[in-house]
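Trainee: Going line by line, the protein sequences match chains A and B.
According to the working numbering, the first sequence is numbered sequentially starting from 1.
According to the working numbering, the second sequence is numbered sequentially starting from 625.
A portion of the hints provided could be inaccurate.
As the list claims (entries may be wrong) - Across the chosen pairs, the derived CB separations fall in these ranges:
#	chain 1	residue 1	chain 2	residue 2	range
1	B	771	A	400	56 to 62 Å
2	B	633	A	470	30 to 36 Å
3	B	946	A	400	46 to 52 Å
4	A	404	B	937	39 to 45 Å
5	B	966	A	157	32 to 38 Å
6	A	470	B	635	34 to 40 Å
7	A	325	B	975	36 to 42 Å
8	B	926	A	325	46 to 52 Å
9	A	325	B	752	28 to 34 Å
10	A	457	B	860	36 to 42 Å
It is worth saying that the hints were derived from the structure and are not from the lab.
This one's a predicted model, so the numbers in the text were calculated from it and none came from an experiment.
A virtual CB, placed ideally from N, CA and C, is assigned to each residue, including glycine.
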Amino acid sequence: MSKYAIEAVNDFVIKFANVNGSGSASANTLFAKSILRMGVPVSPRNIFPSNIQGLPTWYEVRVTEDGYLARRGGCDFMVAMNPQTWDKDVAEIESGGYLFYDSTRQMPQSKFRTDVHVIGIPLTEIVNAAYTDPRQRQLFKNIIYVGALSALLDVEVAVLEQLIAEQYKGKEKLLAPNIAALHMGRDYAITHLNCNIGLKVKRADNVGDRIFVEGNSAAALGAVYGGATVAAWYPITPSSSLAEAFAKHCKKFRTAEDGKAKYAIVQAEDELASIGMVIGAAWNGARAFTATSGPGISLMQEFLGLAYFAEIPSVIFDVQRAGPSTGMPTRTQQSDVLSCAYASHGDTKHVLLFPEDPYESFKFGAEAFNLADRLQTPIFVMLDLDIGMNERLCKPFDWDDTQQMDRGKVMTAEDLDAGKDFGRYLDVDGDGIPYRTYPGTHPTKGSYFTRGTSRDRYARYTEDGDAYVDNMRRLLRKFETAKDIVPKPITTKAAHATRYGVIYYGSTSPALHEALDILNEAGLHLDAMRVRAFPFCDEVLDFIHVHDEVFVVEQNRDAQLRTLLINEGAVNPAVVTPVLHYDGTPITARFIVSEISERLKTLHIAPLHTVHAIPTKRIGQEIK
Amino acid sequence: MTYLAKPKLHHPSLTRNKLGYTRRDYEGAISTLCAGCGHDSISAAIIQACYELDLPPHRIAKLSGIGCSSKTPTYFLGNSHGFNTVHGRMPSVLTGANLANRELIYLGVSGDGDSASIGLGQFAHVMRRGVNMTYIVENNGVYGLTKGQFSATSDRGSKSKRGAINADEAIDLVGLAMQLGATYIGRSFSGDKEQLVPLIQGAILHQGAAFIDVISPCVAFNNHEGSTKSYDYVREHNEAVNNLDVIKFRDEITTSYAPGTLQEVRQHDGSILRLRKLHETYDPTDRIAAMNHLHESSANHEIATGLLFVDGEPSDLHAAANTVDTPLNMLDNSALIPGSTALAKLNASLR
Numbered sequence: 001m002s003k004y005a006i007e008a009v010n011d012f013v014i015k016f017a018n019v020n021g022s023g024s025a026s027a028n029t030l031f032a033k034s035i036l037r038m039g040v041p042v043s044p045r046n047i048f049p050s051n052i053q054g055l056p057t058w059y060e061v062r063v064t065e066d067g068y069l070a071r072r073g074g075c076d077f078m079v080a081m082n083p084q085t086w087d088k089d090v091a092e093i094e095s096g097g098y099l100f101y102d103s104t105r106q107m108p109q110s111k112f113r114t115d116v117h118v119i120g121i122p123l124t125e126i127v128n129a130a131y132t133d134p135r136q137r138q139l140f141k142n143i144i145y146v147g148a149l150s151a152l153l154d155v156e157v158a159v160l161e162q163l164i165a166e167q168y169k170g171k172e173k174l175l176a177p178n179i180a181a182l183h184m185g186r187d188y189a190i191t192h193l194n195c196n197i198g199l200k201v202k203r204a205d206n207v208g209d210r211i212f213v214e215g216n217s218a219a220a221l222g223a224v225y226g227g228a229t230v231a232a233w234y235p236i237t238p239s240s241s242l243a244e245a246f247a248k249h250c251k252k253f254r255t256a257e258d259g260k261a262k263y264a265i266v267q268a269e270d271e272l273a274s275i276g277m278v279i280g281a282a283w284n285g286a287r288a289f290t291a292t293s294g295p296g297i298s299l300m301q302e303f304l305g306l307a308y309f310a311e312i313p314s315v316i317f318d319v320q321r322a323g324p325s326t327g328m329p330t331r332t333q334q335s336d337v338l339s340c341a342y343a344s345h346g347d348t349k350h351v352l353l354f355p356e357d358p359y360e361s362f363k364f365g366a367e368a369f370n371l372a373d374r375l376q377t378p379i380f381v382m383l384d385l386d387i388g389m390n391e392r393l394c395k396p397f398d399w400d401d402t403q404q405m406d407r408g409k410v411m412t413a414e415d416l417d418a419g420k421d422f423g424r425y426l427d428v429d430g431d432g433i434p435y436r437t438y439p440g441t442h443p444t445k446g447s448y449f450t451r452g453t454s455r456d457r458y459a460r461y462t463e464d465g466d467a468y469v470d471n472m473r474r475l476l477r478k479f480e481t482a483k484d485i486v487p488k489p490i491t492t493k494a495a496h497a498t499r500y501g502v503i504y505y506g507s508t509s510p511a512l513h514e515a516l517d518i519l520n521e522a523g524l525h526l527d528a529m530r531v532r533a534f535p536f537c538d539e540v541l542d543f544i545h546v547h548d549e550v551f552v553v554e555q556n557r558d559a560q561l562r563t564l565l566i567n568e569g570a571v572n573p574a575v576v577t578p579v580l581h582y583d584g585t586p587i588t589a590r591f592i593v594s595e596i597s598e599r600l601k602t603l604h605i606a607p608l609h610t611v612h613a614i615p616t617k618r619i620g621q622e623i624k
Numbered sequence: 625m626t627y628l629a630k631p632k633l634h635h636p637s638l639t640r641n642k643l644g645y646t647r648r649d650y651e652g653a654i655s656t657l658c659a660g661c662g663h664d665s666i667s668a669a670i671i672q673a674c675y676e677l678d679l680p681p682h683r684i685a686k687l688s689g690i691g692c693s694s695k696t697p698t699y700f701l702g703n704s705h706g707f708n709t710v711h712g713r714m715p716s717v718l719t720g721a722n723l724a725n726r727e728l729i730y731l732g733v734s735g736d737g738d739s740a741s742i743g744l745g746q747f748a749h750v751m752r753r754g755v756n757m758t759y760i761v762e763n764n765g766v767y768g769l770t771k772g773q774f775s776a777t778s779d780r781g782s783k784s785k786r787g788a789i790n791a792d793e794a795i796d797l798v799g800l801a802m803q804l805g806a807t808y809i810g811r812s813f814s815g816d817k818e819q820l821v822p823l824i825q826g827a828i829l830h831q832g833a834a835f836i837d838v839i840s841p842c843v844a845f846n847n848h849e850g851s852t853k854s855y856d857y858v859r860e861h862n863e864a865v866n867n868l869d870v871i872k873f874r875d876e877i878t879t880s881y882a883p884g885t886l887q888e889v890r891q892h893d894g895s896i897l898r899l900r901k902l903h904e905t906y907d908p909t910d911r912i913a914a915m916n917h918l919h920e921s922s923a924n925h926e927i928a929t930g931l932l933f934v935d936g937e938p939s940d941l942h943a944a945a946n947t948v949d950t951p952l953n954m955l956d957n958s959a960l961i962p963g964s965t966a967l968a969k970l971n972a973s974l975r
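Same shape as in the complex, but just chain A (with noise of 0.2 Å):
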């Protein structure tokens, strides 16, 4: 038997260890929604393999009042429901942690570990007493557990029934048997189980107005607030569920009195008709997006050039997941940084906006349109399966009503008729932006034939080696401009001042700011740029000037970003050291931390404190 128990309120993390089309993502939803409702932040992650029924699936909950809402690595309480998985998923667990399972069958004791302290409930058993259908037993197995659960870490049972009338109302017919499993999983567990564990849920008040929702919804929603009309895509995970959203919230919010739609959506046949279908969109004056992941950015190629090229305003969300190839497709990564930075042959460069969880995704994904029309050219939302298909904790949606769509330059048969000189790639205001005309607009002035095969200002085919240059030149010019109207970057200065700086973005951010905090406790002082947008402006590059070196933290193996940052701020390698995570898993502070604490022991920068990824309150009494 173990010697210790882990001890901790508000602070830990639980596993659920599942099969696959089981029906326990609804459950563990709703279990870690329940501790969000007392007041205290959580952060879930699926952890999903690439099938869909079946197979291995976990859920993760990190319970966590001080609002780290990374992933933290380790697990303390494990509910193990699935017999496949049984001896990885035990073997996680931190010593002096909690091991739930269905003790309806006699397991041999060398199949247990004895740091660990058990409870078991035998699951199968209740279930098969109190259903005969084969498929509410599975199903009511879930909330049987989430009852049990609720006593054993106090979560209060009124906040579980009210969120079950929230999710069957309009289906009463379903609340009740629900109520029933929910209690009967409780009442079991309060008769039969010493409910005295360590690891505990108090009612707080830590978030706030906060809302919990996937970045994939948040970007979609982004896209309706943007004005997007025309959405063409091909199913790729982890992208899907954000063309789905769109035609959730449009359905919602973009049906006219006479049932018609404000919209079009499109599942083309691959990624190369999805991008032409937003191309002739944006051409013809629709707000047009397509959403993808690493393999469909990889077959735009072609296309994306001639976006770039044509001028054509387009918005690319991408959602990252692991490659090259398939790679791991149900996993994170920030991987396709440096394939969307170039995306396409010649001499392209793209503007790329990195949130860094769903409110930023709903922000940028609404600003991207606006940056699409005004910039004429692609605009990527980079995304990532860990932003975009786990419900995140987040600033509420905001929106200004006097904001209107910034159109950008689009010249009007009155502009036309008075007499305005149209070329359409003429730069008649030195930002690079030319002029542009929609199909349609004037019987005999504003027309202009559009190729992605070279032209002088005035749209004309030509060969000419100046008028080519020319054209490219421009392209730089308007690159320049994007510097300015792209979102800005966020520094965080450390407590004292220091001669390091940490540079990261996208959903590193939850990670990387806990990290921070350790080790400002352990003395070791960073300020830290927050990148959201590419090309950097020139407080990036200002931001390594000033330091001796800086790190930069990445979900990838080949340090994309900071390649970005060598070559296009022409910054000294030298002073930029990468910090890569890249095992698919979502990065952690405990990473981070000790990347960063073992670059800096080499650099003898000795901390004040010892440094603890894993703070010592959280080990202690002892299992009676």
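Fit chain B to the supplied structure of chain A, relying on the hints for placement.
Mentor: Showing chain B alone in chain A's frame:
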């Protein structure tokens, strides 16, 4: 090809159509294709069709892929917006454009390499989606811009200019369009303007996916003995099933026809397709019979031309998507953006 600039002055006596435009207003830049290229005749037919239909040139959008045929949109409808996209992918760009503004007329111009080889997938899907468009393939059975390789519509046994024999089965785009649900399907020959112009007009007025396969001999690489896409071969093997007159609004039939030789199809926009039958039993409103006829004529080494199939009541992609009547690209802030109140409600549901 010519290096002479087109004169800008119009002859004052040029006839004007109902909109006051002359034929010249539908022309484009001077062609850079080879002298005698069938494609130039097709451009001329498009110009004539649009002029005669009194279409405002700027309300047409012309899109193409890559290749000799795809270069031609520069040579007609100079007051229309044009888009020379990427190889084989015009159908997707046209689909997107059509979704953005349902009020324009969409003219897709492609070739056999563009549509039957690299773009076969997009060709198939644009047909099955029923995009409201006129899709013309200028079919010469050969890659012209890269100098004479066989294309996927070259007949098996056909001889290349260098003497190679094509061993692969030909793809018949008309057969594919039939099977994939296109609602207006024709085939013609660039050398037969009388047949081609009304076919294009009927296609433009058709409110669904209209496809015309135009055999258009390549004078540089595929007009020799042994080619099945040469002027001589096509003239010899051309079997028209009907002659078409397109009538925008119903008028009296003044000429008398032998009983059973005239068939009329009313299109959704009110136009009438008046068909003078050349093949006794051919009924272009019967898709299955039309497919059978195509197979038979192909087995007899005949090239069936004319209006091969038409559905007078077609449906299109906008009907399937149930989109609003206002073009999507004209919807403004108030129509598109739900605002902060809706957002606050949504936030509340996410807690």
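Trainee: Hints first: check each against the structure and report whether it holds.
Mentor: Okay, the hints, checked on the actual structure:
no. : hint                        : in the structure
1   : 771(B) / 400(A): 56 to 62 Å : 59 Å, holds
2   : 633(B) / 470(A): 30 to 36 Å : 32 Å, holds
3   : 946(B) / 400(A): 46 to 52 Å : 31 Å, violated
4   : 404(A) / 937(B): 39 to 45 Å : 41 Å, holds
5   : 966(B) / 157(A): 32 to 38 Å : 34 Å, holds
6   : 470(A) / 635(B): 34 to 40 Å : 38 Å, holds
7   : 325(A) / 975(B): 36 to 42 Å : 40 Å, holds
8   : 926(B) / 325(A): 46 to 52 Å : 48 Å, holds
9   : 325(A) / 752(B): 28 to 34 Å : 29 Å, holds
10  : 457(A) / 860(B): 36 to 42 Å : 50 Å, violated
When the structure is compared with the earlier hints, violations turn up for hints 3, 10 and for no others.
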